[in-house]
Amino acid sequence: MDLSAISPTLLVASLMVASTPILLASIGELVVEKSGVLNLGVEGMMITGAICGFAAAVLTGSPMIGFVCAALGGATISLVFAVLTQYFLSNQVATGLALTLFGLGLSAMLGQSYVGIKPPTTYKLDLPLISDVPILGPILFSHDFTVYAALALVLGVWWFLKYTRRGLILRAVGESHDAAHALGYKVVRVRVLAIMFGGACAGLGGAALSLVRVPQWTEGMTAGSGWIALAIVVFASWKPERILLGAYLFGGVAVLQLNLQAAGVSIPVEYLSMSPYLITIIVLVAMSANRAKSALNAPAALGRVFHASR
Amino acid sequence: MLRVEKRPSPSKTWGYLAPILAVIATMIGGGMMFALLGKDPFEAIRIIFYDPLFSEFAWYYRPQLLIKGAPLILIAIGLSMGFRAGVWNIGAEGQYIIGALFGAGFALAVYPTESVFIFPSMIILGALGGFLWAMIPAILKTKFGTNEILVSLMLVYVAEQLLASMSLGLMKNPEGFGFPGSRNLQQYASAHNAELWIGSGVHMGVVFGLIAVIFAYVMLARHQLGFHIRLTGESPKAARFAGVNPNRLIIFCLGSSGALAGLAGLFEIAGPSGQVNIDFNVGYGFTAIIVAFLGRLNPFGIMLAGLLMALTYIGGEIAQSSLGLPSAAIQAFQGMLLFFLLAVDLLTNFKIKWAKTEIIV
Amino acid sequence: MNQTLLQLDGLSKSYPGVIANDHVSFKIGSGEIHALLGENGAGKSTLVKMIYGLVRPDTGRMQLGGQSFAPSEPRAARAAGIAMVFQHFSLFEALSVAENIALGMEKPPKSSALSMQITKVSHTYGLPLDPERLVGDLSAGERQRVEIIRCLLQDPKLLIMDEPTSVLTPQEVTTLFTTLRKLKSEGTSILYISHKLEEIRTLCETATILRNGKKVATCDPRENSARQLAEMMVGATLNYAKARTVKLGEVILKASNLSLPPQSAFGTSLKNISFQLHKGEVLGIGGVAGNGQDELLACLSGEVLTSPNAIQLNGNNVGHLTPNLRRALGILAAPEERLGHAAAPDMDLTENSMLTAMVRKKLSSAGFLNWKQAREFAQRVIDEFDVRTPGPQSVARSLSGGNLQKFVIGREVLQDPNVLIVNQPTWGVDAAAAAAIRQSLLDLASKGAAVIVISQDLDELMEISTRFAALNTGKLSEIQSMAKFSLDEIGLLLGGADAAG
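Read top to bottom, the protein sequences are chains A, B and C. Position one of the first sequence corresponds to residue 0 (numbering that gives the first Met the number 0), numbered consecutively onward. Position one of the second sequence corresponds to residue 0 (numbering that gives the first Met the number 0), numbered consecutively onward. Position one of the third sequence corresponds to residue 0 (numbering that gives the first Met the number 0), numbered consecutively onward.
Read the hints as simulated data drawn from the structure, not as lab findings. We treat Cβ as the ideally placed atom computed from N, Cα and C, and that holds for glycine. Just so you know, not all the hints are guaranteed correct.
Said to hold, decoys possible - Away from chain B, derived, C-beta distances all over 10 Å, residues of chain A:
#1 7
#2 116
#3 236
Claimed, not checked - Derived coverage of chain A by chain C (criterion: at least 3 residues anywhere in the stretch with Cβ under 8 Å from a Cβ of chain C; other residues may be distant):
#4 181-189
#5 250-261
Stated by the list, open to error - 25 Å max Cα-Cα, derived DMTMM-like pairs, lysine to aspartate or glutamate:
#6 185/A / 105/C
#7 161/A / 336/C
#8 5/B / 336/C
My request is simple: use the sequences and hints to build the entire structure.
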């Protein structure tokens, strides 16, 4: 065992990369939930995005096209959820589960011929001198562009929800669809768009996994990241800025346990691999234990079916 | 424009027709998917739905129907009670693994003692394992209000790691030449969940599945507990008013579904699978969610749905070898079935009408 | 009356099985306060929703200021100068006052400018409000101010108010009327929807009366007595419940220092509630919605448990007992929300009888349920309380509000309670059913049971209560004999003044 092999600088730098997939997926789910919809299909949308992005990048040789296709793939499959829950008024929990089961199957099917292939490499920030500054260089200035894009997206969502009229409408719809409907806002349209945004973000998160983090395609490679993204939304009590904290925390745990595995700590590998899931549970419990505080931010209409009558 | 209108009361006819319609729609949708993969859709559908029952080799596949259907039905019966009450146990896969580990662990510990008490003890331990694993989300939910969906699901991944650790470590076969995996329980007479009649596919899991179906039916239709479960699902506030203790109901729903999933895992590991190994769990715990919905959360419906889903597993395997259909295609196919079912469910509670001027949705 | 602002011409709207509006025509003049009067279900809401663009008429036309007017959505109606204050459902609790107001405007100014406008308008019209507060923390009266200011900021030509006083104390009503009269003097027309006759007679100069979707008359309410208006509205001569003189029996139920912390983020707490309930009396508990009514009922029914001695029945502690244990002792309750609390919407009436009658009617043995007996009991409730429904196999939500309420009250009354607690027993129920329900409560009391009626309808409480107390911000006033009160005094009590006279 050699713990000194773990460098804190590299740890921070790699946790930023490691947390990007869940960061993307959870910021998307935050917007969906803020509109009052609970989409449990994040895992399915993420893995669909992972394979769509991977296949497109391999076929075209362009990671950029890969990311675009991942977002499109995630948004398209989320549209199925949107149509079922918003037009067919199906139960959101059941439909979200169906989305996850379907996405896992579909992606495995699409990904058959992509196992073991190396994708084209993505653009990495590499500023002469600046990227080589000790500590700050690796942490701030030498990441893959997805890391910066995800941070920008979090900032964008925060600004959108807080300062724009459309953001206000979205929050209003999630707070009370009946009131929003009575004021003449198109509840279903707002929610469908939010769901598709969430799908696109989850798709991007999947691609960040298959094109940057791993980078490779394997069946079921999201391994619960989508579910962790859902947990992060709860952890963040529906605040974008806290999504960042949550994602980095989980990314940190994941990276740390990998580093510990590599360093040959005497804890068996399996128990280290469990840790992100156990930490998720602990965090969920901690959050729910002081619910009074966080409940204020939970959208009041979350998960309820909206059907305008009379 | 099409208009959706709530029915004054849910349609009974559509309640029965909806699953059938969903299966037909899935055959069409799945056929299109297979065609896109370059396979003959008609042949694929025939292989999946017809061949296992009526082809030349049906004598081999028919017992498989029971072997694959039993765990699905056992798990889905348990899940359906929770789903009715709005308690979402998504982690049956984990409870299935832990149940198997408890039962198999006991058998491996007492190996090679032969006794008639071994198998019954394994059954009890299997149920206990699943029950305890499900108590984690149950207690967290009742004590702290933690979301049971996420906790039960996270525990699946934890259980999978435990399974891996057991098959590579503690439970590894000392005479296994270093290969992962435990001793094969099929070769340990006292612990073997053997077929009751050779070649019938009927093992104790099938018997327990049938008992669970009947038990669940009687409970839902005639017993106070079943009434309270239905009431809680319909309207939690009305249930509270009727005197239902929500916490006790959560414990019951999660506990019983965990115990049934644990039983399913035990019967599988002591019978068809035989071995504690990394690839022991094949997703029955997740497919059972589809089975529960397809059976409309009704015990006898679940029995039929479980057999149908077992059919697609077997048919999928045949199609894999004869058509080269990817194994994942069946998983996508099953997911599609749940989508269609949720979509046609609309017809049970709503009427669709042509409207001239107004759009309500 | 000066020139016509809005003219409705033969508006009809039907839903499956119901004709909500049948060729309704009338005019609203500029600067007029026009009442729209009718019972629940008479078609007032549908009519107003057509004017506001939420529902499109099947046939008929509207003209606004001489121009053809057919709003396809509320936005179009707002752009044309129509604003609406809703009875419920149009505020967002977790958003601030300013955000709520911005959502009701087409092109809201920047938030700082909006806050200034809100403060200015609220001063002009005597409706003080802090723009930064969360709506969830406001009282019902304050919430209504938010809605009104939201409308006023748009300079509407026509302001629609849907049952605006149902959540207000009499004093708040007076303030509201002052505001409305000021608006009228500035030339704004007001369409005022209500079923409260005295209010309309003081405020409005024209009234259109609807019954079963049809217009019955347009008249000057000041020239008709309340009784005449009521009979036009109901279409029959009304039977009022018979008042009784009651000698108070012995104390049966006693609450002492009953307190409860808030159950949710915007919930109300109960503070040291004490009272004694006597056999044979109807105790009326008045108060504006959201002042602890639901919480009080939950404590008494056993849905929320308290310390054992906070509630006593015949001297025995019952505060810690669950609903079914209390039912066994004869404490029954009927909550306000019919669908989803008192009854499960998608279950049939047999199952809904099982819901509360399992214990007292012995519908189960060893946990197994006797559905046949439950069906017979449901049938008995249907027969004795004149519930109009095809039979016990109908699901609860297929019944009309009045019929379901008769079922809910009947289900409890026929279990021979010793104590019955009801919350809003006639809310949203037609007049005939309301009269029948009140009569059944009086009959129950005269047989020796004790009844608590929690209600926001003061007329109802004055009609049936033996004694009265008011619930305000979770505190219960001193109980006094009903005969001692005037409406003004009750108003003061509801507003939180300690005791009347």
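So, going through the hints one by one against the coordinates:
Interface exclusion of residue 7/A from chain B stands, the closest Cβ pair being 27 Å apart, more than 10 Å. Chain B leaves residue 116/A outside its interface by the beta-carbon criterion, the shortest separation being 17 Å against a cut-off of 10 Å. No Cβ of chain B approaches the Cβ of residue 236/A within 10 Å, the least distance being about 13 Å, so the stated non-interface status holds. By the rule of at least three residues with a Cβ nearer than 8 Å to a Cβ of chain C, the coverage given for the segment 181-189 of chain A holds, with 4 such residues.
Counting residues of the segment 250-261 of chain A whose beta carbon lies closer than 8 Å to any beta carbon of chain C gives 0, which falls below the threshold of three, so the coverage claim is violated. For a cut-off of 25 Å, the pair hint linking residue 185/A to residue 105/C stands: about 14 Å separates their Cα positions. Note on residue 161/A and residue 336/C: the hinted pairing is violated, with a Cα-Cα distance of about 35 Å set against a maximum of 25 Å. In summary, the hint linking residue 5/B to residue 336/C is supported, as the alpha carbons are separated by about 20 Å, within the 25 Å threshold.
Hints 5, 7 from the list above are not met by this structure, while the remaining hints are.
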